[in-house]
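All chains should be modelled from the sequences, with the hints used to inform the complete structure.
Sequences listed follow chains D and F, in order. Everything in the first sequence is counted per numbering that gives the first Met the number 0, starting at 0 for the first residue and increasing by one. Everything in the second sequence is counted per numbering that gives the first Met the number 0, starting at 0 for the first residue and increasing by one.
Warning: the hint list may mix true and false statements.
Stated by the list, open to error - If you want a taste of the chain F side facing chain D, the calculated C-beta under 10 Å gives, among others:
1) Thr11
2) Phe73
3) Gly87
4) Met101
5) Glu105
6) Gln112
7) Phe233
Derived by calculation from the structure, the hints in this document are not laboratory data. C-beta atoms are modelled at their ideal positions from N, C-alpha and C, and glycine is treated no differently.
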Amino acid sequence: MKSRTQQTSPERGRRSSRRQAAARGSKAAVVVRRIVAIALLLVLWQVAVLTGIAPGLTPRVDRVALALIEILGRADFWLALLQTVSAALTGVAIATVVGVTIGLLVGSIPAAGRAVGLILDFGRSFPTIALLPVLILVIGANWRMEVLVVSLAAVWPILVQSLYGAQQMTSAASEMTRSYRIPPLLKFRRVLLPSALPMISTGIRIAVAISILVAVGVEVLSQTPGLGRLITLAQGGGRWDLAFAYLFLIGCFGWGVTALLARAEGRLLRWNRLGEK
Amino acid sequence: MSEVSTATAGRTLSVRGLGKSYGTGADENWIIRNLDLEVPPGEFVSIVGPSGVGKTTLLRSLSGLVPPTEGGVFIDGDELRAPHPEIGVVFQDYSRSLLPWMTTVENVAFPLQGKGVGKAERLGIAERNLAAVGLGGKGNLYAWEMSGGMQQRVAIARALAYDSKILLMDEPFASVDAQTRLDLEDLVVDLHTNLGVTIILVTHDIDEAVYLADRVVVIAERPAHVVDEIHTGFGSHRDQVETRSDPRFAEARGRILTLLRSGVAAITQSVAQP
Ligand SMILES: Nc1ncnc2c1ncn2[C@@H]1O[C@H](COP(=O)(O)OP(=O)(O)O)[C@@H](O)[C@H]1O
Ligand SMILES: [Mg+2]
Chain D
0 MKSRTQQTSP ERGRRSSRRQ AAARGSKAAV VVRRIVAIAL LLVLWQVAVL
50 TGIAPGLTPR VDRVALALIE ILGRADFWLA LLQTVSAALT GVAIATVVGV
100 TIGLLVGSIP AAGRAVGLIL DFGRSFPTIA LLPVLILVIG ANWRMEVLVV
150 SLAAVWPILV QSLYGAQQMT SAASEMTRSY RIPPLLKFRR VLLPSALPMI
200 STGIRIAVAI SILVAVGVEV LSQTPGLGRL ITLAQGGGRW DLAFAYLFLI
250 GCFGWGVTAL LARAEGRLLR WNRLGEK
Chain F
0 MSEVSTATAG RTLSVRGLGK SYGTGADENW IIRNLDLEVP PGEFVSIVGP
50 SGVGKTTLLR SLSGLVPPTE GGVFIDGDEL RAPHPEIGVV FQDYSRSLLP
100 WMTTVENVAF PLQGKGVGKA ERLGIAERNL AAVGLGGKGN LYAWEMSGGM
150 QQRVAIARAL AYDSKILLMD EPFASVDAQT RLDLEDLVVD LHTNLGVTII
200 LVTHDIDEAV YLADRVVVIA ERPAHVVDEI HTGFGSHRDQ VETRSDPRFA
250 EARGRILTLL RSGVAAITQS VAQP
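If you want it as structure tokens, here you go:
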């Protein structure tokens, strides 16, 4: 690492270290501001419930906190979490393989890229959840059906991002691969895919966020086992504190996964950030 | 230097009646027409012409990247229809032709992977060729950690590692600073002398063309064609101060300058009166 920094011009090295220090400073400030905002929100919520401004069934913050602790000690919660998460991530995995392959193949043909625009717009705006009754009828209200619905919803952002990603390959890179007779498969793996990776990873992040929403939504609507089902059960039993606690945990989980992905992306695509001029 | 592959059996590159046009019918625009050129194995030819005359277009035709509209390019008599396994290209836009997600040594080894050379072997070849261009031990850097001159050396090492018998270079030193430019010029002269590869270098810089080459081919006018050829006669020895003050250098330079000035006038006229 040390020997590398020596190679860059001092001008650039100095600038980037100053930028890093500035970034670290503002990062801490952002964290503080976030905590303050969340605390403020919780106080407002509590006040609203106690003064009766909030709708009648809204539970108190302290009740939700207690419910949270209760949930974390229960086996059915962890099982439901596993079911929901496994369905969401399996769906994203399938959507990634399908979306990236089709997106890159179609995106690397200039004429095809324009032709599929309409199909993409249609697919993107299609309400996948509307397919639910049909799919329940054909497959049943089970994990496999849930995975299918998730991948149908998650494939679009990945497909769109891969399609645009394929167009990020510069003409210089494509001239180079042609003049050095790089075989198609090697070009796909080592040139086209990395060129598109920054855009693909954004697509995957969007898809993961969607996948958790869709998985929980499917569970709520179809009573497929998972967190969504636990929420409806809690509501049915009048346990709104439990329902809110589940929602809170789902939110935390989605945020955690997205943060983790952003980190992995930062590490994997280091060349992308540092390479820009 | 002995570790780096040497071109044993060279190839003759011939260009016969080459024409390249863009557009069709009334819009057909001939960039190059009736261009003839013969480059025997091991020669260093520079092709000089004003900006926009069609040098890049010519080089892309020589590399098999674009099909000629008329005539053809031949390697040892065989018509070139696609990029050739023994022709290495150093592009004008060299920094973009290096892949930013690969280290330097991976970039140099990449074309060899396409040729089916095993990993250990191709990395070894890449390291040796990096050393040959003065970048020994720098294989783990990324292109964006390097100066423009170093990036250009990587692009040259890649072309050499490919085991090219013919090296095509498009304005390779156009965007580096003056001192780096002199260093790179001497590097290319040394590589040519030591490896015996054919080099065809395209440039708009008359001094550079004369300094580097055994023969300077001047292209001009629209459509572009060969208007003059000058054998410099410097042999294999070059010195940035000595060679440039050689009377033959001044004479060649003067002759090309005069030619190109009238050539530029001709292009301006043909553009002004379509
Ligand atoms: N793909 C293309 N389509 C149409 N015209 C082109 C194309 N490529 C190059 N040209 C034209 O050919 C001429 C010569 O370009 P080029 O070969 O890049 O010149 P040089 O490298 O000598 O500066 C220019 O007028 C340019 O506009
Ligand atoms: Mg050019």
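The hints, checked one at a time:
1. Thr11: 20 Å, violated
2. Phe73: 18 Å, violated
3. Gly87: Result: holds, 8 Å to nearest chain D Cβ.
4. Met101: Where the cut-off is 10 Å and the nearest Cβ of chain D is about 8 Å from Met101/F, the hint holds.
5. Glu105: 9 Å, holds
6. Gln112: 6 Å, holds
7. Phe233: For Phe233/F, the interface hint is violated, since the closest Cβ of chain D sits about 30 Å away, which is over 10 Å.
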